[in-house]
Amino acid sequence: MWRALYTAVLYAALPLVLLKLWWRGRREPGYRRHVAERFGEYKFVPPQREVLWVHAVSVGEARASAPLVSALREEFAGHDVLLTCSTAAGRDAAKRIYGDSVLTAWLPYDYPGSVRRFLEHFRPRLGLLMETEIWPNLLAACRAYAVPVVLANARMSETSATGYARWSGLVQPAFAGLSAVCAQSEADAGRLAALGATNVSICGNLKFDVAPDPAKEAEGRAWRAALGRPVLLLASTREGEEEILLDALAGNALEALVVIVPRHPQRFDAVAALAAKAGSVLGRRSRGDMPRQEDRIYLGDTMGEMAFYYAAADVAVMGGSFMPLGGQNLIEACAAGTAVVVGPSMFNFFDATRLALEAGAALQAGNAADAMRAALALLREPARRAQMGEAGKKLCAQHRGATERHLAVCRTLLDAGERAWQTKK
Numbered sequence: 003m004w005r006a007l008y009t010a011v012l013y014a015a016l017p018l019v020l021l022k023l024w025w026r027g028r029r030e031p032g033y034r035r036h037v038a039e040r041f042g043e044y045k046f047v048p049p050q051r052e053v054l055w056v057h058a059v060s061v062g063e064a065r066a067s068a069p070l071v072s073a074l075r076e077e078f079a080g081h082d083v084l085l086t087c088s089t090a091a092g093r094d095a096a097k098r099i100y101g102d103s104v105l106t107a108w109l110p111y112d113y114p115g116s117v118r119r120f121l122e123h124f125r126p127r128l129g130l131l132m133e134t135e136i137w138p139n140l141l142a143a144c145r146a147y148a149v150p151v152v153l154a155n156a157r158m159s160e161t162s163a164t165g166y167a168r169w170s171g172l173v174q175p176a177f178a179g180l181s182a183v184c185a186q187s188e189a190d191a192g193r194l195a196a197l198g199a200t201n202v203s204i205c206g207n208l209k210f211d212v213a214p215d216p217a218k219e220a221e222g223r224a225w226r227a228a229l230g231r232p233v234l235l236l237a238s239t240r241e242g243e244e245e246i247l248l249d250a251l252a253g254n255a256l257e258a259l260v261v262i263v264p265r266h267p268q269r270f271d272a273v274a275a276l277a278a279k280a281g282s283v284l285g286r287r288s289r290g291d292m293p294r295q296e297d298r299i300y301l302g303d304t305m306g307e308m309a310f311y312y313a314a315a316d317v318a319v320m321g322g323s324f325m326p327l328g329g330q331n332l333i334e335a336c337a338a339g340t341a342v343v344v345g346p347s348m349f350n351f352f353d354a355t356r357l358a359l360e361a362g363a364a365l366q367a368g369n370a371a372d373a374m375r376a377a378l379a380l381l382r383e384p385a386r387r388a389q390m391g392e393a394g395k396k397l398c399a400q401h402r403g404a405t406e407r408h409l410a411v412c413r414t415l416l417d418a419g420e421r422a423w424q425t426k427k
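The letter at position 170 of the sequence shown is residue 172 when you use our numbering, and the numbering goes up by one with no holes.
Quick caveat, the hints were computed from the structure, so don't treat them as lab data. Just so you know, even glycine gets a beta-carbon here, dropped at the ideal spot from N, CA and C. Treat the hints with caution; some may be incorrect.
[What the hints assert, rightly or not] In silico DSS-like pairs for lysine-lysine, Cα to Cα no more than 30 Å straight-line:
id: 1; residue 1: K97; residue 2: K45
id: 2; residue 1: K45; residue 2: K22
id: 3; residue 1: K395; residue 2: K97
id: 4; residue 1: K218; residue 2: K396
id: 5; residue 1: K97; residue 2: K218
id: 6; residue 1: K279; residue 2: K395
id: 7; residue 1: K45; residue 2: K218
[As the list claims (entries may be wrong)] So the derived label-pair ranges between C-beta atoms look like this:
id: 8; residue 1: G230; residue 2: E30; range: 53 to 63 Å
id: 9; residue 1: R125; residue 2: R386; range: 50 to 60 Å
id: 10; residue 1: N254; residue 2: R413; range: 46 to 56 Å
id: 11; residue 1: P216; residue 2: W169; range: 40 to 50 Å
id: 12; residue 1: A252; residue 2: Q295; range: 38 to 48 Å
Construct the complete structure from the given sequences, taking the supplied hints into account.
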């Protein structure tokens, strides 16, 4: 009954869904491409080989899935890997990361007919949904088509768990329908089990297994050396954060160059206008500008280059953590050996933040002003920055191995499916 009501609401909202898709396409044209795929209609020929399907909703999940996708392609070389996304930025990131080595498509909206057509077109042997992607009709269809589904790199904050629990009649069967859950931490595992998930194991965080691009790291270090002054990075900032962070710097005699890298590409020009309004003439990475000595702000307006920016930075202040948004991935900065400062809102990376704080690789501030004070203090303390950087690298090394644990779960499910198929023969 709950799923039928949910489906009725989805159909009633269809005009708004299409309007939102068109509206977002004004700034990100990718949303207006391949629209039929959103409803399970795919123009390309179905894969001739068996398919392993990974769903990475957006950029962060696409990056986090990289070690797992690589391992799946190596271990199951006779299969095609399908990577589905939901956002234009995520699909663009997938093409940058994987090129033509994997199939890419939109995951359809959660309408019964759309998900049925998706499964009939690709006929995946196994599905992996990254982090917290729970779609009741999709999971019900996977059960009907005997497609085992893993919730990979799974996380569940207290806030999200409380929200899901309010709709237990709808989400409990969906969680129970998962074939396996690979949780990031013990706390995540407990919350997911309480919501109805079974076969839950603690596999760690795949983001610790993501290796920074060595060429981009080398380029970042060379850029920093040519610059000849400290670099303060405002990484993956969200709307409203640039202004409060720059305001917190006002009045400081700042020798460092402030590099701002907005989280979403559609905001690049708006952030440039904000800096210009504050009286700063700024260079832009996309133009290949090299900052002049008098420049105070530099705009990192490129995608897929966080390894460059972290390697170029002396201190990284994590965006998404100064609004109630749950933060951004600080593991990338730790892996690069960059000292990290985070704001109060890091619930999407709670366990990684806790580990980084305990290891001495990061500092947490209660607001933007305190974060800027902490960052400026670190710029004046090279020995402490070096100590934090080494702690970050050591932390990442200690927590690698999630890919192999995920792969073991996949092997078990695929072997079970093969045995069931042989029995039917």
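Now for the hints, and whether the structure bears them out:
1. With a CA separation close to 18 Å, the supplied pair K97 and K45 stays within the 30 Å bound.
2. For the hint pairing K45 with K22, the CA-to-CA distance comes to about 23 Å; that is within 30 Å, so the pair holds.
3. As the CA atoms of K395 and K97 are separated by approximately 28 Å, the hinted pair is consistent with the 30 Å bound.
4. For a cut-off of 30 Å, the pair hint linking K218 to K396 stands: about 21 Å separates their Cα positions.
5. For the hint pairing K97 with K218, the CA-to-CA distance comes to about 18 Å; that is within 30 Å, so the pair holds.
6. Pair hint K279 plus K395 does not hold up; C-alpha atoms about 38 Å apart against a cutoff of 30 Å.
7. Proposed proximity of K45 and K218 is contradicted: the alpha carbons are some 36 Å apart, above 30 Å.
8. The beta-carbon spacing between G230 and E30, approximately 37 Å, falls outside the hinted interval of 53 to 63 Å.
9. Distance hint check: the CB atoms of R125 and R386 are about 55 Å apart, consistent with the given range 50 to 60 Å.
10. Separation of N254 from R413 is about 54 Å and conforms to the stated range, judged on CB atoms against 46 to 56 Å.
11. Checked against the hint of 40 to 50 Å, the pair P216 and W169 passes, with Cβ atoms roughly 45 Å apart.
12. A beta carbon spacing of about 20 Å between A252 and Q295 contradicts the range 38 to 48 Å that was offered as a hint.
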